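> What follows is each chain in one-letter form.
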Amino acid sequence: MSTTWLIVVLVGAATVALKGLAPVLLGERELPPPLARVSGALAPALLAALVVVQTVGDGQALSVDPRVAGVAAAAVALLLRAPLLVVLVASAGVAATVNALT
Amino acid sequence: MSIMMEPNAISVDRTMLGGARDVAPIAFAALVIGVSFGILARDAGMGVVAPIVMSLTTFAGSAQMAAATVMHDGGAVAAAVAAAVLLNLRYVAIGVSVAPSLRGRRARRLAESQLATDESWAISQDRGRVNRERLIGAGLVLLVAWTTGTVAGAVGGSALGDPATYGFDAMFPALFLALLAGQLGDGRARAAALTGALIALVLTPVAPPGIPIVAAAAGALIALRPERPA
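These protein sequence lines map, in sequence, to chains A and B.
Quick note on this note's numbering: the first sequence kicks off at 69 and runs consecutively.
Quick note on this note's numbering: the second sequence kicks off at 5 and runs consecutively.
Bound-form chain B, shown alone:
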């Protein structure tokens, strides 16, 4: 747990095993949220196999939830795809921060970049950079947990009931809040977080889903300002 609170501490274990170990509590949340996605997808008429394949290949919770929600509400294919793509636009920014840490040929870099999720990326932060080993270790554990949860939800289906009954819908933002708490080490990070939160809050009622989160990335521009001398 000290890792969560002090991501920049010297004690960060910079190995795949370290990333895998530190992501374990988050993997529990991914498992539970995976169950929620499986239930939602089954209710949306996606069947059992498609949601599982989607968890393995798309591996991005909020976008999958959004696509399944649009299908559930009887929306068009274009609407479902657009919602998911908008939500995942932030991965372009995440990719920019991951890129300098990956090594090797393009195919290998492409494969390793797929293990970046909000959670594995947050866990891999190491003094303002991404640690490749922690990203891969955490990403693999999350992929297994997320897919396992999806299988349980898709197979168990609505026999498990409405995820909101169990408060699962609150677990997602609570997880991101915990990840955020580990990222607020300096004033620049706090200013970026505050700006990002405000942008998202203001834009949510007026912009299509996904856009507020993408626009919130502009909050990071506050870091263009050079560091104040200590």
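Just chain A, with the same shape it has in the complex:
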């Protein structure tokens, strides 16, 4: 098996296992209330972390580059209650413009 296919198979199998672990092992059992509250708060915690890492993360380093301008534009668009497509196009447009100018 080539290196590429080895990676595709291993990463695929690992991801299937990680996604399915709790649904297969826990079954339909409900979580106790405190854990259910924590589970409900996972979305904001993880999404906020993804925003940070993908805006200023560059491998194991922080980097301020055109992505920051793009995400700032998205934040402004969100505050103005713009539709999601406008938010996304604004982020890409501003990041591309800053990228071209620097």
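Derived by calculation from the structure, the hints in this document are not laboratory data.
Keep in mind the model is a prediction, meaning the values are calculated, not measured.
A couple of the hints might just be wrong.
Unchecked claim - For the chain A half of the interface with chain B, some residues (derived, Cβ under 7 Å), not all of them:
hint : residue
1    : 71
2    : 76
3    : 90
4    : 92
5    : 98
6    : 114
7    : 117
8    : 119
9    : 120
10   : 123
11   : 130
12   : 163
Claimed, not checked - So these bits of chain B aren't anywhere near chain A, every CB distance computed over 10 Å:
hint : residue
13   : 18
14   : 47
15   : 137
16   : 156
17   : 161
As the list claims (entries may be wrong) - Cβ-Cβ distance ranges computed for the label pairs, FRET-style:
hint : chain 1 : residue 1 : chain 2 : residue 2 : range
18   : B       : 115       : A       : 128       : 31 to 37 Å
19   : A       : 129       : B       : 28        : 33 to 39 Å
20   : B       : 191       : A       : 130       : 26 to 32 Å
21   : A       : 97        : B       : 28        : 29 to 35 Å
22   : B       : 109       : A       : 130       : 41 to 47 Å
23   : A       : 148       : B       : 96        : 35 to 41 Å
24   : A       : 127       : B       : 225       : 23 to 29 Å
25   : B       : 229       : A       : 70        : 48 to 54 Å
26   : B       : 77        : A       : 97        : 40 to 46 Å
27   : B       : 228       : A       : 169       : 42 to 48 Å
28   : A       : 132       : B       : 108       : 45 to 51 Å
29   : A       : 168       : B       : 229       : 43 to 49 Å
Just so it is clear, CB atoms sit at the ideal spot from N, CA and C, and this is done for glycine as well.
We have chain A already, so just place chain B on it with the hints.
Below, chain B without anything else, positioned relative to chain A:
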């Protein structure tokens, strides 16, 4: 769009079609990011078929990007797999929140859990729980968009140029910011988001990629505190 801003509103359509419809703008982003992945994977020497198979089976954008980046930089198989697995560790937590909403036998639960991505999971949030129908509807649309984008990027290859030229690299965090904006309904959620963001920011320069996001899940522990009486 009202769904994005008020995920807990009574008007949330709790059907597969509702999930599919509400995820449409996100699917556009998934398509574009899929193109970026296809280009990156092709440049990394993965060929055309392997990236497409990976999008269909792994179906997790950031982990696929990370694996392709390691390959592109000439890293070892173990390094590529480790980077992807670390990034996907958060799916254990996502799986815990999805589990009570799935029904039926283990094989079916395993199959349905594969449709959970950051985006379909965010779209399926319904009053602090996951709505199974919305998760499946949104997940299927995203799978088609993500794979279609990958095909375009892998076939078109570097003729399309560097994704950063088009600002595609900013679209990913912008999408997560929009998803986050729909999740900040109560003080507990805002506290969890702030804590998660701080953990990720502090750990990024010192921990291997993937770990900061996994550690940020600890921000949700702030919800252990009981709700304050209104």
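> Would you settle whether the hint for residue 98 of chain A is holds or violated, based on the nearest Cβ-Cβ distance to chain B being less than 7 Å?
Interface hint status for residue 98 of chain A: holds (5 Å vs cutoff 7 Å).
> Could you let me know if the closest chain A CB is still more than 10 Å away from the CB of residue 156 of chain B?
holds (16 Å)
> Is the interface hint satisfied for residue 123 of chain A? The criterion is a beta-carbon contact with chain B at less than 7 Å.
holds (4 Å)
> Taking the Cβ atom of residue 191 of chain B and the Cβ atom of residue 130 of chain A, is their distance within the range 26 to 32 Å?
At 29 Å between Cβs, range holds.
> Checking the smallest CB distance to chain A, is residue 137 of chain B really beyond 10 Å?
holds (16 Å)
> Mind checking the CB of residue 114 of chain A against every CB in chain B and telling me if the closest is under 7 Å?
holds (6 Å)
> Per the hint of 31 to 37 Å, is the separation of the Cβ atoms of residue 115 of chain B and residue 128 of chain A within bounds?
Since residue 115 of chain B and residue 128 of chain A have Cβ atoms about 35 Å apart, the given range 31 to 37 Å holds.
> With a cut-off of 7 Å, does the beta carbon of residue 130 of chain A approach a beta carbon of chain B closely enough for the hint to hold?
holds (6 Å)
> Within 35 to 41 Å: is that where the Cβ-Cβ distance between residue 148 of chain A and residue 96 of chain B falls?
holds (37 Å)
> Hold the hint about residue 120 of chain A up to the distance rule: shortest CB distance to chain B must be less than 7 Å.
Holds. Min distance 4 Å.
> Should the hint that residue 76 of chain A touches chain B count as held when the rule is a Cβ pair under 7 Å?
holds (5 Å)
> So does residue 129 of chain A sit 33 to 39 Å from residue 28 of chain B, Cβ to Cβ?
Holds, at about 35 Å.
When the structure is compared with the earlier hints, no violation turns up for any of them.
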